[in-house]
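Enquirer: Residue-level listing of the chains:
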Amino acid sequence: MVSSFCWGCLTRLRPTPRAVLPPTVAAPRAAAFHTSTVRYALPTKKKNSLDGPPKYRQAKSARMKKKKPVERARPPPVGERKALRKRIVLSNPNALEVEGMQDFTSETMVDARLRGSILGLPVPMLTQLRAVEAFKPKQGWSIFRRPGTVVRRETLELGRLIDSISNEGQDKGRSVKKIVTGVRGSGKTVHLLQAMAMAFTKQWVVFTVPEPQDLVIAHTGYAPLSDETPNLYVQNEATATLLSRTVVANEQVLKTLHVSREHAALKSSVKAGMTLEELAKLGIQDPAIAWTVFQALWAELTATSAASGFDKNFKPRPPMLVTVDGLAHWMKNSEYRSVEFEPIHAHDLVFVRHFLGLLKPGTGKPALPNGGLLLYSTSASNNPTIYSFEVALKQIAARQAGLNASAPEFPQADPYSGADKRVIDAFDSSKPTVAKEGMLELQTLGGLTRDEARGFMEYFARSGLLREKINDEWVGEKWSLAGGGVIGELEKLGRRLRVTD
Amino acid sequence: MALQSPNCIVHAMQSVRRTVQLRSFLHTPKISLRSNVPPILSQQRKNARGYATEVQAAPEIEFEKFYTQPARIVPASPAYFSGSPKFIDHLLNLETILAKWASLPTVAPSEAPRMAWFKLAQFRDFVGEPVPTKKYKNLIKILQRLNRIDPKIMPIEVRDTLKTFLRPGNPYGNKPAPATVDEMGRARGRGKRKTSSAVVHLVEGEGDVMVNGKTLVEAFPRLHDRESATWPLRCTSRLDKYNVWATARGGGVTGQAEAITLALARALLVHEPGLKPVLRKAGVITVDARRVERKKPGHVKARKMPTWVKR
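In order, the protein sequences belong to chains A and B.
Throughout the first sequence, residue numbering follows this note's numbering, covering 1 to 501 in sequence.
Throughout the second sequence, residue numbering follows this note's numbering, covering 1001 to 1311 in sequence.
Isolated chain B, as found in the complex (with noise of 0.2 Å):
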């Protein structure tokens, strides 16, 4: 049966760890100590290998020392009983530190630096015990809470606390190059959408488009097609301002037209990066991911079964 659960197997490997930890705990002062205490631990064992036997009398309890050696080792840490002690430590920790600096100026969310804290499986490796999804995610509210303190003014503490729940390496250290307009003053942008791909070469100019090769009235026979192949100049009014010279290859009319869309919007962020939040508002910054869902065995499409038969 114990074998069975594994929750017993956890609680059994705890329990060992715990120990361990007591033992550290109890061996760190022991320099202090040795001299006047009669080792506890070595009456331990000896306990552990013969409680059956003998029982001995616990020793008189001291009470000049009773502060500097209680009677009964006490657990390092208060929530030593509470299963996740290590995790409750943290979280304490974090609320008072919190508590302490929660009346600094803080910044937008967006502005904050961004922190590539433990994911979850990471977290429980990092404590060595199961942590609930929900309280960690707590956890990581408050972290995000105090890295939003001014980074100008943010405490040495705050930092080094927070350094502490990162993950090691820099995962958001290395950013690509931002593209560049090339000697011949063209960006260039890639955009997906369905199957289609389109590739987009954008120059200052009079507002001409082509869409491979040919104008844009005689790629998109559909007004709905070119408004939206064009909406980022459209939506920035920078459409008599540019050149676009766009390819775009598989799928069909609509997506094409809607991997221009994309294309277009990230050569123009080349061109002018501080557009990015107007076209973000207007929906073309987004990558429409969707693709076709494929078919399954034993389905007519992707989803639809069979119609059911008597016999």
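If we strip away everything but chain A, and leave its shape as in the complex, we get (with noise of 0.2 Å):
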């Protein structure tokens, strides 16, 4: 069968020109049963170096990339940290009460039966002992139910000693002047602690300088004295503290006691019949009179009799405690510096040369008339090392021990060492003139004994701290641990809170 198809029109047709077909070897070929429309692949990006193409007209050096800044919290506000830092905290009600623990008082602090045991300190003067800042912040006080300190031996002869000056008797009066060292953790600033204490049982005024180093830090105001005196500095916002600090923990005392003479300085403020407290008032009101008022308060303190025309309502005055912690930043240049940029020593200083001035054996009357204590205490962790008063210890301990200043062994400063004359001439006192007035003394904290170191560990272990036996064995092999019982480290040892099986 012959098909009806021409040929002859199909070979008439020409073939198309291959211009306008699509490309055929750059069309992807794709099988013949896709129905999917073909795709051309992406081109391959040129690899690129790491520097890149070469740059012409750009700055070829690396270029840093610029850190943003990290959003941070906002820091606490101003004094937040600081009173973070040296916050007191007296009491935890997670520690164990201690049962039959007993208070300061009159009786407990001169009882040698409890010796080696822990004494409260009475509620009631722990905003006394606040006030005056007899509390550090680092002494552990947070970890028991309530404050408490030991009777050790140099407790009971402070407690006796003030019991002396205070009562009846031929001790009534004494002034006693000592200078407490010891190494670190040896409980020196706690020693002055019982005796603010045992002052504020005693109803004696207490004065305190707790951190003598903020007064030649160059951290408050400082004022030359007088026109008469240029190179004397007076520190006026110090001072109206110090009579704060005062005001507040001898409240009691000194609301009894009342203005006994005139005082040149303060005509227009001092009004007779004034008491003792409104006057020291005047000074925290007005801190550029704080020195003066200063000066008041002491004379008034320090008298032994009323002026004429006072004599109404006056009370002999009450044995006075001095207390400063930390003795060795008065022996040096402070950072003040004078008018022209000298640096000024420490003893230049009004209020310094007032406290170190105490040290010296009274003229015609002792440096306290009224009796009481000058406690001064050296510190082992925060102590400038100062050679001249190294020297000066060592020449109160020789005097003590009644070497003669003359004497050959009597320890000198070494000539070439430019050891400070003025350090070692506020120690250098004779042997006093008045018969009520003590020498100057040195007294050196050692360690407890292992009596008052069991009492001590005891106390621990009461408060829930310490999970041990304690047996004389224990104590004693935690006594040569702590150095011979420096009670610092036997407080570290006690602490540190081992749970055994």
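In short, the hints are calculated from the structure, not lab data.
Possibly wrong hints are sitting among the right ones.
[Claimed, not checked] As a list, the in silico DSSO-like pairs of lysine-lysine whose alpha-carbon atoms are at most 27 Å apart:
1. A:Lys60 with B:Lys1310
2. A:Lys469 with B:Lys1241
3. B:Lys1214 with A:Lys492
4. B:Lys1281 with A:Lys469
5. B:Lys1214 with A:Lys138
6. B:Lys1134 with B:Lys1086
7. B:Lys1241 with A:Lys492
Make one complex out of these two single chains by using the hints.
Expert: Structure follows, in structure tokens:
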């Protein structure tokens, strides 16, 4: 069968020109059964090297990426950190109440049977002690239910001394001067605290300088005292703080005492019949006259009798306790500068000069005429090394041992070491001429005895801090590890909570 | 080739040695044998001289005398062909002795007398054979087992056998004189640790510790150091019975504390030698001989190498 298809017609059909057809080479071939459209692959990117194409019109040096400032939480307000650092916590409700713990009273502070036990500080007295800044932040008060201190040998001696000064007897009105030294952690500051607690029980007036360093590091304002004495400088704010410490702590006593003489510098503000508390508050309200007020207050407290015309309600003044904690800072140049930009020696600050002058034997009458106690302690941790001060302390010890200052074995400063003469002179107190005045003594605090250490460790155990069987052997071991019963080290050993199964 | 491998030389030497031994063995019964035996040795010599040219037949075997004079040479030791016959002889001998006396009571190893056995090299010289280390160790084990037999009832045979394995001289014989407390009641001890060295004077007392003239707290602010320095007294609960006067020099705080530990333990042993087991258990007798490793050239530190850089 022949098809009706005409081959002649077909041959006449010309093939379409090639240019019109889509380029067959470029067109990707897809299998015939595919229905989806063919897509080209993405053109391959040029491999660019690390540096990229050569840059001609740009800086070629390496560019540091700028760090974006990191968003930080806002710092706490000014003073908050310091307040947290200086916060004093005196009680811990988690600690166990120690049964049968006695308080500081006039009876217990002289009771030798209580040696080695812990005496609590009476709760009403805590505000007073806080006011005079008797507590330091890192003393570990916050691990016990209530603050308490060990009765050690020195404490009992101190108790007897304070008792004899305040009670009627031959020692009444004596004034005793002591410098307390000892190794780090030997309880010097707590010794001062105990003295303050005893003084408060005996209704003494307490003056304290808890941080002598603060007076010489140029953190408070200073000014020349007067035109006559351009070399002396007064620190009014610091004095006002001292007055406020004293007023808050000794309010009860100062309220009962009245002005007994005329004060020329404060003629306008001081009236007759004013209490000493009101007098001191003048200085707190107006720091510009703080130093004058302090001098007036001091004159009032050291008065033995009233001036004529003022003896209407004159009461005999109580004994005084003066404590300074960390004496060495006062023995060198301060950070203050004079007008000529010379460093000012700490002894040129009237505040410092006043308290150091008390160490000297008084002329005519003792430095503390109504009796009292000067307790100046050194510090072993925050302690500038001052050669002349070390020599001065050695000289005090030698003098106490009965050595004459002209004796060959009397410790002298090395003439080539450039010792500070003023420092040595400040402690160079000859024999006091007044009967009631004691010589300057050096008291070195050592470690506790084993019995005292045992009492101390038992206190830890009874507070629930220590889970050990406290026996003599255990205490003896800790006593040796604490370098012979250094109380600060004992405390560290006691508070290390060790859970033994 | 033969020269290159030392074993060949050794073997050659040994074969020479063996023949010498054989000869001696053969020479010893010579007196009794001379009459009836035509000496084999001379034959051998003859053979050795001219074995290539003339071959002689072996003499006839005389069966009457076979047991007294065997036909071929029998080595003295049954281990002759083992390569180390003397060693094996010793070993077998010891094993026999041990089997014989195994039932005797023994003492604890620590109480057995201390013996200076041959060192491996010395033993090799002694037997003249290459003794492997491990086999020698086994031999030493047998020796030690034999040495543990109760000294009171140790047989003479065992004692004499053990004596042959001892080093000449008496290395453990000269012991230093035990230290004593001096006329002031002080015991002295020295100790070292890291680069520190310490001298401790120990007297009976109440538990005061002074280090370099300072109290313990001033010398060692860290509690751990204080504890480690007084550890010998602490672990024997004698902290409150002695006073310590220590001098420590060199090194750092920890090194000084641990040097004092060692010195204190030694001083305490002078006062109370019976405490040694307790102190050893507390770890204060053992000397820590570690020192800082030296830095080497090409290294950043003792072992650290510099980081690898491409170029």
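Enquirer: State for each hint whether it applies.
Expert: Comparing the hints with the structure gives:
The hinted pair formed by Lys60 (chain A) and Lys1310 (chain B) meets the criterion: a straight-line CA distance of about 24 Å does not exceed 27 Å. A hinted pair counts as satisfied when its Cα atoms are at most 27 Å apart, and Lys469 (chain A) with Lys1241 (chain B) qualifies at roughly 20 Å. The suggested pairing of Lys1214 (chain B) with Lys492 (chain A) holds, with an alpha-carbon distance near 20 Å, which does not exceed 27 Å. A hinted pair counts as satisfied when its Cα atoms are at most 27 Å apart, and Lys1281 (chain B) with Lys469 (chain A) qualifies at roughly 25 Å.
A hinted pair counts as satisfied when its Cα atoms are at most 27 Å apart, and Lys1214 (chain B) with Lys138 (chain A) qualifies at roughly 25 Å. At roughly 16 Å between alpha-carbon atoms, Lys1134 (chain B) and Lys1086 (chain B) fall within 27 Å of each other, so this suggested pair holds. With a CA separation close to 24 Å, the supplied pair Lys1241 (chain B) and Lys492 (chain A) stays within the 27 Å bound.
In summary, this structure violates none of the numbered hints.
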